[in-house]
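Number of protein chains: 4
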Amino acid sequence: MNKFTKEVMFVGEMASGAKLTVPVYAFTADNNVAAPTVYIQANMHGAEVQGNAVIFQLLELLQQCNLQANITLVPYANPVGCNHKNGEYTLGRFDPITGENWNRMYHFDQAIIAPFVEQNLDASAEEIQTKFQQLLLAQIDKKLAHNIWGITTGQRIAYQLQRLAHQADIVLDLHTGPISSKHLYCPEYAQASAQYFDIEHTILIDNDFGGAMDEATFCPWWSLQQAYQASGRNFTMGEGAFKKESFTVELGSQEQIDLDVAKQDALSILSYLQAKGVIDNKQYQPQKMTRYACYLKDYKALYSPMGGMIDYLADFGKPLAAGEPLARILRMDNYGDGEALHYISLDQQVIPILHFASASVNQGTELYKVFCNYFEI
Amino acid sequence: MNKFTKEVMFVGEMASGAKLTVPVYAFTADNNVAAPTVYIQANMHGAEVQGNAVIFQLLELLQQCNLQANITLVPYANPVGCNHKNGEYTLGRFDPITGENWNRMYHFDQAIIAPFVEQNLDASAEEIQTKFQQLLLAQIDKKLAHNIWGITTGQRIAYQLQRLAHQADIVLDLHTGPISSKHLYCPEYAQASAQYFDIEHTILIDNDFGGAMDEATFCPWWSLQQAYQASGRNFTMGEGAFKKESFTVELGSQEQIDLDVAKQDALSILSYLQAKGVIDNKQYQPQKMTRYACYLKDYKALYSPMGGMIDYLADFGKPLAAGEPLARILRMDNYGDGEALHYISLDQQVIPILHFASASVNQGTELYKVFCNYFEI
Amino acid sequence: MNKFTKEVMFVGEMASGAKLTVPVYAFTADNNVAAPTVYIQANMHGAEVQGNAVIFQLLELLQQCNLQANITLVPYANPVGCNHKNGEYTLGRFDPITGENWNRMYHFDQAIIAPFVEQNLDASAEEIQTKFQQLLLAQIDKKLAHNIWGITTGQRIAYQLQRLAHQADIVLDLHTGPISSKHLYCPEYAQASAQYFDIEHTILIDNDFGGAMDEATFCPWWSLQQAYQASGRNFTMGEGAFKKESFTVELGSQEQIDLDVAKQDALSILSYLQAKGVIDNKQYQPQKMTRYACYLKDYKALYSPMGGMIDYLADFGKPLAAGEPLARILRMDNYGDGEALHYISLDQQVIPILHFASASVNQGTELYKVFCNYFEI
Amino acid sequence: MNKFTKEVMFVGEMASGAKLTVPVYAFTADNNVAAPTVYIQANMHGAEVQGNAVIFQLLELLQQCNLQANITLVPYANPVGCNHKNGEYTLGRFDPITGENWNRMYHFDQAIIAPFVEQNLDASAEEIQTKFQQLLLAQIDKKLAHNIWGITTGQRIAYQLQRLAHQADIVLDLHTGPISSKHLYCPEYAQASAQYFDIEHTILIDNDFGGAMDEATFCPWWSLQQAYQASGRNFTMGEGAFKKESFTVELGSQEQIDLDVAKQDALSILSYLQAKGVIDNKQYQPQKMTRYACYLKDYKALYSPMGGMIDYLADFGKPLAAGEPLARILRMDNYGDGEALHYISLDQQVIPILHFASASVNQGTELYKVFCNYFEI
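Chains as they are written, first to last, in our numbering: chain A, 1 to 377; chain B, 1 to 377; chain C, 1 to 377; chain D, 1 to 377.
What the hints contain is simulated information worked out from the structure, not anything from laboratory work.
For each residue, glycine too, the CB sits at the ideal point set by N, CA and C.
Hints may be right or wrong, so weigh each one.
To be verified - Simulated crosslink set (DSS-like; lysine-lysine; CA at most 25 Å straight-line):
1) Lys369/D to Lys143/A
2) Lys142/A to Lys300/D
3) Lys19/B to Lys19/D
4) Lys142/C to Lys143/B
Said to hold, decoys possible - Chain B regions said to be covered by chain C (calculated; three or more residues, Cβ under 8 Å):
5) 14-28
6) 69-78
7) 94-101
8) 151-161
9) 364-377
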């Protein structure tokens with residue numbers, strides 16, 4: 001039975017002086033040589049709690065696994081968001097003071113790429129891997145080092161998590177949608193890995209850095225690989241020195257804990273880790289299912305064409321024909337002298353993935369997110 | 001086909017001067033003699049939107065009914081709460097500025113009872129009915145009349161709704177729980193009426209006025225009936241001059257609109273109205289079901305014994321044996337050096353009715369509400 | 001130099017398991033015999049932070065005093081409210097989940113009075129004092145003891161503070177208004193003590209328990225004294241066994257820390273403590289000033305007669321003649337086709353004490369609180 | 001006396017169907033030929049209300065002016081933000097559902113510049129002005145035109161305001177800081193215009209588009225001028241066809257209305273309009289004062305190095321020497337066994353311009369914004 005360590009990371013202070021802490025669990029493999037190391041975190045958005053239950057189940061299961069590489073797991077990644085209530089619900093997505101999305105505060109400075117390639121043009125793959133990881137860590141350390149002007153609350157949390165993530169080859173950031181089916185954000189180069197998760201829908205993302213954890217950990221390496229390619233040296237992303245893979249795993253709906261479903265999601269993650277050689281437990285194999293993907297540009301949001309109260313009609317995960325209703329909008333103020341019911345549909349076939357968390361929407365509230373131009377993978 | 005009128009009631013102003021308005025629908029019966037008149041409102045709590053859909057279905061159905069009495073219907077009863085967002089969710093239960101529960105601001109002054117009885121000791125039942133209703137309306141008008149000190153935002157809304165409600169014999173206030181099964185708040189004297197609704201669980205409430213709409217409309221009459229009784233005249237509550245009945249109808253969960261379920265709830269209300277003679281449409285009959293009730297003192301809240309993330313386990317509406325788990329609480333901060341999972345159970349058999357809207361709870365958050373000492377009715 | 005102890009009281013847990021703690025400072029007097037003991041707390045409402053600075057200054061000053069009795073000081077009394085942000089501001093007055101005012105959750109059960117008097121009709125004053133204090137503490141302990149149904153988040157905090165307060169003879173609960181001048185809530189029987197504070201305006205409150213800390217600590221004793229009086233034994237409130245005095249000290253405006261002003265307020269409290277014999281330091285004497293008071297029924301709120309944006313005009317603390325403007329309300333939506341400016345005045349002379357924290361108000365928002373029918377004390 | 005028109009612009013709908021409207025006031029000059037036209041708006045951030053009072057005073061004064069060009073004035077620019085309360089305060093800066101800053105949703109697509117210059121390389125200055133303005137308006141119209149996917153709530157508001165702003169040569173967006181002195185955001189090319197405002201501190205901003213109103217209206221023209229320059233045609237920004245000037249005018253602190261101060265700010269704006277020839281009223285002249293400026297990169301935020309309660313010490317608008325305290329931080333939890341007071345200072349001379357709105361801050365909350373490397377203009 002594998003042992004793990006538990007540490008408490010200090011990530012900030014509240015007005016009363018109360019310490020903001022994050023628990024960090026770590027398994028150390030005996031023979032951590034070639035297999036990729038792993039970093040898994042959950043609950044960066046306050047309401048997206050199910051990942052904590054998945055980490056619970058992973059901790060239970062990993063103790064029984066044949067570990068080939070180090071694994072670090074961080075539940076309750078954001079102690080401000082985790083405890084922030086507005087009414088009965090947990091404020092989900094942003095710093096209540098500034099409005100900044102908690103998952104847009106990670107760091108990557110594209111300007112480090114060119115000088116690094118120039119200075120390490122002929123370095124071995126191993127040297128590149130080691131030195132570039134050191135550079136990424138040094139960048140974060142510099143951000144966190146004492147600075148008379150300081151950094152924001154969210155940056156302090158994000159950078160400390162990112163420092164852990166940069167030390168791993170594989171990064172899984174566990175999120176949820178509002179009311180949502182399971183789906184996966186996957187870098188385009190890692191498309192083949194999507195089949196190891198028991199998740200039917202995958203969004204393929206390119207090399208744009210927007211501040212999210214997944215991007216903050218794969219974009220540096222992808223950018224590096226491309227810069228080397230431009231300089232005439234070809235490395236393959238997802239392999240060897242560039243074996244970095246980062247995914248945002250969307251586990252379903254927010255504001256819910258279900259330990260039984262979490263067990264299934266933990267098994268799904270283990271089958272991915274098995275496929276990548278992180279564990280050696282052949283019983284963990286992906287389920288057979290048809291998997292669909294679309295490119296990020298085709299993962300589209302539908303904004304409500306009017307204010308109203310929404311009866312969400314479309315099933316998640318199933319193709320919806322053009323013209324079929326996604327939702328109907330109730331407008332009681334129009335009853336008797338206008339149209340009290342409006343049906344919403346699209347002009348193309350889509351797969352609905354998630355919808356807004358509340359029935360009450362303003363004109364312009366994001367109603368649904370759907371796959372367009374999707375394809376089987 | 002019955003016609004209805006639609007008016008817009010002005011209930012306040014926002015900081016920008018934007019008018020707060022409420023739509024009021026009214027059917028007038030041709031032969032409104034003996035049958036009780038009806039007032040139905042929905043959405044006094046911002047997140048409890050399903051009642052609007054029920055009023056939509058009632059408006060559709062009532063146009064085809066054989067009306068015996070006037071019916072007034074008010075969706076979107078609280079325009080402040082209805083539009084108030086905090087994050088993705090609607091602020092449910094209270095004025096965001098003051099914290100006052102929107103459904104605790106109605107008016108009843110017990111001090112009016114004794115003088116009225118004294119002055120009308122020998123009046124006929126009809127006189128009593130007419131004069132007491134006039135007195136109740138005069139009380140509200142006085143509250144709403146210009147006063148140099150003013151009234152609160154919530155009082156201005158509540159009193160205008162109450163003025164409509166006092167003009168009816170039957171009052172239905174459509175609410176929902178957070179995550180909830182259907183249930184009914186019913187005055188003890190009106191227990192027999194609970195069987196006409198397609199609702200399995202009824203809470204029987206006594207004559208305590210706490211500021212809610214149902215209490216504000218039945219407590220005055222109950223108090224009056226009791227004062228007459230103390231003076232030697234006996235009237236029966238729910239009949240004749242005292243035919244007033246008020247219910248809070250809890251339609252299920254908040255933050256949801258489902259027009260199909262709303263149709264079922266509208267039919268349930270029609271079978272109650274048919275039973276009371278408000279409509280003459282024999283096709284509307286209550287469903288056969290076992291109905292349970294408990295007294296308000298036995299409708300108990302369970303507060304979380306610790307902070308944590310809740311996996312709600314108990315099914316609503318089914319007896320749960322003593323010792324069986326209601327929920328399990330995940331505490332990842334304790335994993336590895338404490339108990340990460342805690343099971344919550346009670347020491348008696350209960351029927352779980354509703355639970356908190358979010359998986360994240362503080363120590364002391366209301367987890368569940370359950371029926372204790374319930375009985376069949 | 002007096003020494004003090006510091007303990008950390010555990011009052012709850014958040015969803016992440018984070019502990020809610022409150023620091024408790026205590027001075028123990030060598031010769032604590034006749035002098036009244038003291039309990040001082042601050043910041044029960046999240047935004048009302050200035051009391052923490054006053055406690056800082058008191059801790060500095062009390063170390064140099066000639067202490068005659070024990071003194072307990074509790075800053076940051078409410079760790080939920082203290083750290084709860086909505087936008088840039090601190091959620092002030094109520095539990096963000098339930099809307100309950102944090103200062104309406106203390107406990108007093110009037111039903112304990114009659115049996116106590118009956119059982120202790122002929123007890124000595126000292127016995128009464130000791131036994132009744134024990135009874136009050138036992139009541140709180142019972143509330144806090146393990147109960148399968150639990151208690152609310154706010155009750156758990158309030159009861160633990162109240163357990164400390166019940167052990168003292170004098171209770172000072174440090175609050176602030178929104179935008180406010182200094183004022184004092186004082187029980188009617190303790191009016192003579194108001195002259196020891198450097199506070200010009202005092203509200204005299206009677207024996208109604210509404211859940212606040214001051215009421216929760218003086219109402220039991222006042223009720224007891226009245227019950228004894230009805231039984232023929234006369235005790236004087238504020239003296240001997242009934243020397244209990246509780247005040248809510250309103251220090252000015254919320255959302256502000258000013259350590260220099262806090263020093264002045266600390267000196268004001270020391271002059272009260274000196275007058276009551278808690279310290280023996282004659283240099284602490286109240287300032288000479290004209291002090292006004294009014295009864296609670298005459299401390300009136302003015303609610304905005306319309307929505308709009310307020311230019312608050314009236315100075316705090318100075319009599320404002322009937323008809324003089326308190327405020328003018330800007331309504332740009334009316335400019336050009338209505339009245340864009342409205343002046344608000346009253347029909348009697350008042351002393352404005354505080355006003356709302358924001359310029360933006362809805363119709364019915366509490367604009368001002370003022371003294372009517374005030375008198376010099 | 002000049003007449004103005006008043007129209008109500010419809011900018012969205014709430015969940016209840018309530019219409020979101022914005023009042024638009026417009027003066028039309030008789031001889032609107034050479035003088036620049038003007039657009040002024042206020043209150044895009046909900047808590048920043050003082051601009052409404054300035055528009056009130058401008059409407060009063062402009063009726064008496066000798067108008068040379070059309071002027072449009074829009075108070076209450078954001079009806080969602082304007083009425084959004086969380087506790088007593090107005091949610092200031094962002095959409096409560098999404099966290100997006102209301103003043104980061106305007107539109108400019110840099111990709112339109114190159115084709116325009118190519119197609120209009122030899123056009124006259126007048127043609128360029130007319131055609132480019134038409135292009136900017138067409139871009140906005142296309143965004144607002146029916147689109148099956150819709151646009152966000154904030155975009156719908158912002159684009160409709162921007163459509164008005166693009167029709168003017170001069171744009172003034174009236175904002176406030178949290179607790180703040182007056183200051184001005186001014187494009188570098190328009191530095192000479194800063195002297196016409198009675199505002200001592202100016203931030204000079206360059207040609208980076210970040211979504212704000214000022215940028216959205218001057219960056220297109222600045223980018224166009226630079227593209228022409230690269231193609232060999234030189235135009236001067238701020239003159240002739242490129243006379244576009246946009247400013248964000250920060251009027252002081254949020255959550256306050258002061259009509260007397262607003263009059264002073266209106267006079268300041270009139271002296272700028274007089275200088276630009278929009279009015280011909282020589283009595284409106286800027287006050288004599290020393291004006292300081294710094295570049296945007298030198299307008300720096302100081303984030304709190306710890307959680308705590310802040311006693312803000314530094315005066316606004318006055319140079320603060322290196323090492324002098326900006327603030328002291330109270331940490332009562334450390335009293336007795338740590339440092340309860342911490343002084344915050346910087347290592348260089350700065351001018352403090354604004355500070356955070358609340359005394360309670362988390363580690364990483366923005367405490368102050370200050371001018372570094374400032375200079376007289």
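To see whether the hints hold, each was checked on the structure:
Between the alpha carbons of Lys369/D and Lys143/A the distance comes to roughly 20 Å, so the proposed pair stays at or under 25 Å and holds. A hinted pair counts as satisfied when its Cα atoms are at most 25 Å apart, and Lys142/A with Lys300/D qualifies at roughly 19 Å. Restraint check: the Cα-Cα separation between Lys19/B and Lys19/D comes to about 10 Å, which is no more than 25 Å; the hinted pair holds. Taking the CA atoms of Lys142/C and Lys143/B, the gap is about 42 Å. The hint is violated against a cut of 25 Å.
A count of 6 residues in the region 14-28 of chain B with a Cβ less than 8 Å from any Cβ of chain C is obtained; the coverage claim is therefore met, three being the minimum. With 0 residues bearing a CB less than 8 Å from a CB of chain C, the region 69-78 of chain B misses the requirement of three and the coverage assertion fails. Evaluation of the coverage hint for the region 94-101 of chain B: fulfilled, as 7 residues show C-beta separations to chain C shorter than 8 Å, against a requirement of three. Check on the region 151-161 of chain B: 6 of its residues sit with their Cβ under 8 Å from a Cβ of chain C, so the three-residue criterion for coverage holds.
For the region 364-377 of chain B, the stated coverage by chain C holds: 3 residues have a C-beta nearer than 8 Å to a C-beta of that chain, and at least 3 were required.
Of the numbered hints given earlier, the model fails hints 4, 6; all others are met.
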